[in-house]
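Peer 1: Chains as they are written, first to last, in my numbering: chain A, 51 to 299; chain B, 65 to 195; chain C, 352 to 478.
Simulated from the structure, these hints should not be mistaken for laboratory data. Incorrect hints may appear among the rest.
Stated by the list, open to error - Partial list, derived from the structure: chain C residues whose beta carbon lies under 7 Å from chain B:
| id | residue |
| --- | --- |
| 1 | 379 |
| 2 | 397 |
| 3 | 399 |
| 4 | 414 |
A quick note: this is a predicted structure, and the numbers were derived from the prediction, not measured. Backbone N, C-alpha and C define an ideal beta-carbon position, used for all residues, glycine too.
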Amino acid sequence: MTEQRTVQFRVFRYKQGRERPWYDTFDVTVTPRTTVLEALQFIRRVHDPSLMLRHSCHHASCGTCGMRINGQERLACITRVHDIAGERVTVEPLANLPIIGDLVVDMKAFYAKFTPMAMPLIRHSEFLPEAEPPEGVDTYTRLENCIECGLCVSVCPVAASDPLYLGPAALAAAWRVVQEPRGQNVPEILAQVDTAHGCWRCHIAMECSAVCPSHVDPGAAIMALRGTLIRQHLPWRRKQQGGDAHEPR
Amino acid sequence: MNRGELVPRRRWPAWFDVRGRHVSGWAFILNRLTGLGLVLYLIIHLWVLRLLTQGEARWNAFIALAKTPPFLVLDTILFFGIIYHALNGIRLTLVGLGIGVSAHKRMFWVLMGIGLVLFVLSTWGLWTMTK
Amino acid sequence: MSRQPWLEDAPPAYRGGDRWWLVQAITGILLLVLLAVHLIANHFIVEGGLRTYQDVVAYLSHPFVFVWEIVFLIVVTVHAALGVRSILLDLGPSPRVERIINGVLTLLAAAAISYGIWLSWVIRSQG
Ligand code: HEM
Ligand code: SF4
Ligand code: SF4
Ligand code: FES
Numbered sequence: 051m052t053e054q055r056t057v058q059f060r061v062f063r064y065k066q067g068r069e070r071p072w073y074d075t076f077d078v079t080v081t082p083r084t085t086v087l088e089a090l091q092f093i094r095r096v097h098d099p100s101l102m103l104r105h106s107c108h109h110a111s112c113g114t115c116g117m118r119i120n121g122q123e124r125l126a127c128i129t130r131v132h133d134i135a136g137e138r139v140t141v142e143p144l145a146n147l148p149i150i151g152d153l154v155v156d157m158k159a160f161y162a163k164f165t166p167m168a169m170p171l172i173r174h175s176e177f178l179p180e181a182e183p184p185e186g187v188d189t190y191t192r193l194e195n196c197i198e199c200g201l202c203v204s205v206c207p208v209a210a211s212d213p214l215y216l217g218p219a220a221l222a223a224a225w226r227v228v229q230e231p232r233g234q235n236v237p238e239i240l241a242q243v244d245t246a247h248g249c250w251r252c253h254i255a256m257e258c259s260a261v262c263p264s265h266v267d268p269g270a271a272i273m274a275l276r277g278t279l280i281r282q283h284l285p286w287r288r289k290q291q292g293g294d295a296h297e298p299r
Numbered sequence: 065m066n067r068g069e070l071v072p073r074r075r076w077p078a079w080f081d082v083r084g085r086h087v088s089g090w091a092f093i094l095n096r097l098t099g100l101g102l103v104l105y106l107i108i109h110l111w112v113l114r115l116l117t118q119g120e121a122r123w124n125a126f127i128a129l130a131k132t133p134p135f136l137v138l139d140t141i142l143f144f145g146i147i148y149h150a151l152n153g154i155r156l157t158l159v160g161l162g163i164g165v166s167a168h169k170r171m172f173w174v175l176m177g178i179g180l181v182l183f184v185l186s187t188w189g190l191w192t193m194t195k
Numbered sequence: 352m353s354r355q356p357w358l359e360d361a362p363p364a365y366r367g368g369d370r371w372w373l374v375q376a377i378t379g380i381l382l383l384v385l386l387a388v389h390l391i392a393n394h395f396i397v398e399g400g401l402r403t404y405q406d407v408v409a410y411l412s413h414p415f416v417f418v419w420e421i422v423f424l425i426v427v428t429v430h431a432a433l434g435v436r437s438i439l440l441d442l443g444p445s446p447r448v449e450r451i452i453n454g455v456l457t458l459l460a461a462a463a464i465s466y467g468i469w470l471s472w473v474i475r476s477q478g
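Assemble the whole structure, with the sequences as input and the hints as a guide.
Peer 2: Right under this line is the structure:
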């Protein structure tokens, strides 16, 4: 446990009003157990109190410490510095969301897309008796797994270029509602994702599922939404349902 | 301690940022690059075919040129692009319809195995048959 | 409250359904067969590889081949145009630019198909 070493932290910096972002590099002494989040807090405490970052729980449940560590989306609180190869660690804010300052991004757009799909479900899940997943159905744990960290949005190549793309987290939330509606209007949710910037925009890069720290598997959720939509529009299904499964908006 | 090293401006489109990517992310990028390459090839191909309206001599002269090694190298690249894009396209179609989603990585490697065989066979055929 | 607040500022053009991906996938699967036959027929059938002038004319004067190659031309052009559209849409164009993209690609695809049919017809009638 005393095995200490010094690691260079190259930290992305940006302050509003500045023309361009820059990197500051700090030396931090770490033990095998030091996490990236702890190292950043150390930098803030000792080297530069103006360093902005978000965190809360320190144990992968609040989802606020998402960032890019050596180019890879991770939760800083559960990423040990020792598990990262090399003597230099580059820390950058999440991509595809507006930067407020340093490592803090504006999550407003994220929630604007996510909340209408998911919030009712999250809010009521603990209180509704019918929210209990039946025995043997593990998929019911999905949305509650999403910690809204935004890693999936940061890694997604489509979110990178299309600002209107609904994004993996919101689409996963939508699929969760379709799976277990709990009184929500499923056709309406399906109508919302059945758009050029909804589930059809995804290019199946599956990066979202690879980085999700909470096993939400948004990629699979998006594919399931597409499958559902296509099955609904099969001509023989349409007749059965007496018309289009969901009317175009 | 080093302060103020400017973050370099990005020089590539956002979808082409390969840092920290996984297999399927690379697969997407390569799918897009081969797709664009194939579109470019299609345009050139259609344009070159107009030589067929300009008489036998023009076309046969072109075919003689097309059978020279530099053009065969281009054909080999073309075969690679087609085979990769086509086989990956099978996976994308299946997964995109919600079929075999959890097996998408295994599917990728199996298809790439098939692709390698097809690529070797077609390249071998191309270089041995062309005279 | 609107259920699509992220689209509130966006013009109505963004709100329609879009299943062109499906057409892209279907044309892709059709291309598996069409393209394989096209490649084998043009690279590996005639002695010595690629077809000479006489070979091409003979090939295209076969009615079935003629139809097959035209179908291939149409399917590959549609797939290519949709693919380019999909890449351009990923750049998040405004609805106006999106309409322009759709228009230009439709025109280009129609031009490519007409040109290809014309070309095949001319070649065929030289037989
Ligand atoms: C041979 C069989 C082929 C199959 C099975 C196939 C399949 C596919 C599929 C499923 C996609 C959608 C990918 C996505 O959503 O990201 C796609 C995209 C694309 N394809 Fe093909 N394709 C084939 C041949 C071709 C050919 C011959 C061309 C060129 C003329 C082409 C050009 C493109 C382009 C430009 C894209 C868009 C790439 C992107 O959005 O990133 N494809 N293809
Ligand atoms: S699977 Fe779709 S949503 Fe997930 S990272 Fe890829 S493109 Fe983005
Ligand atoms: S889906 Fe996963 S990666 Fe995306 S916000 Fe939720 S927990 Fe984070
Ligand atoms: S601090 Fe809560 S998830 Fe990292």
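Peer 1: Next, verify each hint and record whether it holds.
Peer 2: Hints, verified against the model:
The beta carbon of residue 379 of chain C is positioned within 7 Å of a beta carbon in chain B (closest approach about 4 Å), and the interface hint is therefore held. At about 9 Å, the closest approach between the beta carbon of residue 397 of chain C and any beta carbon in chain B exceeds 7 Å, and the interface hint on this residue is violated. Hint on residue 399 of chain C holds. Least Cβ distance to chain B is approximately 4 Å, under the 7 Å limit. Residue-level restraint check for residue 414 of chain C is violated (minimum Cβ-Cβ distance to chain B is 18 Å; threshold 7 Å).
When each numbered hint is compared with the structure, violations occur for hints 2 and 4.
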